[in-house]
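So the protein sequences, as listed, match chains A, B and C.
For the first sequence, the numbering used here assigns the number 1 to the initial residue and increments by one for each residue that follows.
For the second sequence, the numbering used here assigns the number 1 to the initial residue and increments by one for each residue that follows.
For the third sequence, the numbering used here assigns the number 1 to the initial residue and increments by one for each residue that follows.
One should not assume that every hint holds.
Repeated chains share a single entry, so a pair holds when one copy, or any two copies, can fit it.
What the hints assert, rightly or not - When the alpha-carbon atoms are kept at most 30 Å apart in a straight line, the in silico DSSO-like pairs for lysine-lysine are as follows:
{"#": "1", "residue 1": "Lys87", "residue 2": "Lys117"}
{"#": "2", "residue 1": "Lys120", "residue 2": "Lys87"}
{"#": "3", "residue 1": "Lys87", "residue 2": "Lys105"}
{"#": "4", "residue 1": "Lys105", "residue 2": "Lys120"}
{"#": "5", "residue 1": "Lys52", "residue 2": "Lys120"}
{"#": "6", "residue 1": "Lys52", "residue 2": "Lys87"}
Hints listed in this document are in silico derivations from the structure and should not be mistaken for laboratory results.
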Amino acid sequence: MGSTRMHRTFTPGWLAALLLAAVVAVAPAFAQSTAAGQNRVVMQVSDADPGKWNLALNNARNLQADLGAANVEIEIVAYGPGIGMLKADSVVGNRIGEALGSGVKVAACENTMRGQKLAKADMLSGISYVDAGVVEIMQRQQQGWAYLRP
Amino acid sequence: MGSTRMHRTFTPGWLAALLLAAVVAVAPAFAQSTAAGQNRVVMQVSDADPGKWNLALNNARNLQADLGAANVEIEIVAYGPGIGMLKADSVVGNRIGEALGSGVKVAACENTMRGQKLAKADMLSGISYVDAGVVEIMQRQQQGWAYLRP
Amino acid sequence: MGSTRMHRTFTPGWLAALLLAAVVAVAPAFAQSTAAGQNRVVMQVSDADPGKWNLALNNARNLQADLGAANVEIEIVAYGPGIGMLKADSVVGNRIGEALGSGVKVAACENTMRGQKLAKADMLSGISYVDAGVVEIMQRQQQGWAYLRP
Numbered sequence: 001m002g003s004t005r006m007h008r009t010f011t012p013g014w015l016a017a018l019l020l021a022a023v024v025a026v027a028p029a030f031a032q033s034t035a036a037g038q039n040r041v042v043m044q045v046s047d048a049d050p051g052k053w054n055l056a057l058n059n060a061r062n063l064q065a066d067l068g069a070a071n072v073e074i075e076i077v078a079y080g081p082g083i084g085m086l087k088a089d090s091v092v093g094n095r096i097g098e099a100l101g102s103g104v105k106v107a108a109c110e111n112t113m114r115g116q117k118l119a120k121a122d123m124l125s126g127i128s129y130v131d132a133g134v135v136e137i138m139q140r141q142q143q144g145w146a147y148l149r150p
Numbered sequence: 001m002g003s004t005r006m007h008r009t010f011t012p013g014w015l016a017a018l019l020l021a022a023v024v025a026v027a028p029a030f031a032q033s034t035a036a037g038q039n040r041v042v043m044q045v046s047d048a049d050p051g052k053w054n055l056a057l058n059n060a061r062n063l064q065a066d067l068g069a070a071n072v073e074i075e076i077v078a079y080g081p082g083i084g085m086l087k088a089d090s091v092v093g094n095r096i097g098e099a100l101g102s103g104v105k106v107a108a109c110e111n112t113m114r115g116q117k118l119a120k121a122d123m124l125s126g127i128s129y130v131d132a133g134v135v136e137i138m139q140r141q142q143q144g145w146a147y148l149r150p
Numbered sequence: 001m002g003s004t005r006m007h008r009t010f011t012p013g014w015l016a017a018l019l020l021a022a023v024v025a026v027a028p029a030f031a032q033s034t035a036a037g038q039n040r041v042v043m044q045v046s047d048a049d050p051g052k053w054n055l056a057l058n059n060a061r062n063l064q065a066d067l068g069a070a071n072v073e074i075e076i077v078a079y080g081p082g083i084g085m086l087k088a089d090s091v092v093g094n095r096i097g098e099a100l101g102s103g104v105k106v107a108a109c110e111n112t113m114r115g116q117k118l119a120k121a122d123m124l125s126g127i128s129y130v131d132a133g134v135v136e137i138m139q140r141q142q143q144g145w146a147y148l149r150p
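Starting from the given sequences, assemble the full structure and let the hints guide the process.
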């Protein structure tokens, strides 16, 4: 009698698969917000003030100490008047090295570097670069990272 | 024999429609978080420091230069000691005019204005007003805007 | 004839229940982001500057005045050089008492206290304590709180 049916009936397994497919289909739209539960912090350094540079590095160290370095992603973005933090002659150069070694990402703004005629050769080694510090900080927040301005 | 069945069977199309309805039903609850992917930045200016005012304006200009002015919404909110940025005699008055012309929204806190006995006639033309700067900054973040404190 | 079928057919009610179950199953993952619509602000105090301490307290008061104290949750987190705001001899001690009385939560960083050899007996009464100020500020943002750095 199955031959007389044009439509088939569904087993629970069939339905479960369909529901799973639906969930998978909509998940990407929400990925950004669900990722907000992760431990991720973007720190802004935009002051020409070594005291602030040390505070930022202290904050990073405290986040790692409290949560475990493996359990928190930290990115320090230096731009504008804060770019001096990442120059080769920075007074916190050795601490930047330690931060990089512990897994902190440290990024310099290339917009700022152009404005101050700084080349990568003028900067600390091991750091990374972003086109525009403010865009990086905005995008990290869009991706669910917490924001911290030491 | 179909006449003997009290419950109907479902075609794949029927099921897909039901699943779609379910997704549509839950989507509004997540609208706010999905909107977080847009390029929107609220900037806080709360220092009586023309250096910070220029930094805020530089940051706005860099966001527009990097992303295209049409692709990023920017709102500068001045309040507390930062209100001087938007007074008619502000040292950055001409730059505020340029920012407004390029599509940046610039808002003064009316709470602060009352406290400092400032009327709209004392302020730069073309700016907008919000009841309370801190409420505006909170609400923009709730709406998914990134936060930047220059 | 039901006995001849190995698989059963589904009624609309059965399907609706399944869909509801699916929605309920995925909802917790999104709870954090949907909660972002609430009025909740975490304020960072990390400067050794009584002017900033007063600004933070002004901001809290303005949020409550504008939204109604019952309609906004506010938490002030003092850490690093800002810890002095919450010491027993703080110049804003009486204002902290008022803020606590109006429902503002005020938290001191125990990491900072250890570093400065401060015990709870050295601090204002009525305040609360967090292990690490920066972790608290990060987690509040993850929970959907807006961030404000006065």
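Consistency of the hints with the structure:
no.: 1; hint: Lys87 - Lys117; result: within (12 Å within a copy, 34 Å between copies)
no.: 2; hint: Lys120 - Lys87; result: within (9 Å within a copy, 41 Å between copies)
no.: 3; hint: Lys87 - Lys105; result: within (16 Å within a copy, 34 Å between copies)
no.: 4; hint: Lys105 - Lys120; result: within (16 Å within a copy, 35 Å between copies)
no.: 5; hint: Lys52 - Lys120; result: both (23 Å within a copy, 27 Å between copies)
no.: 6; hint: Lys52 - Lys87; result: both (15 Å within a copy, 22 Å between copies)
This entry satisfies every hint, going by the numbered hints stated previously.
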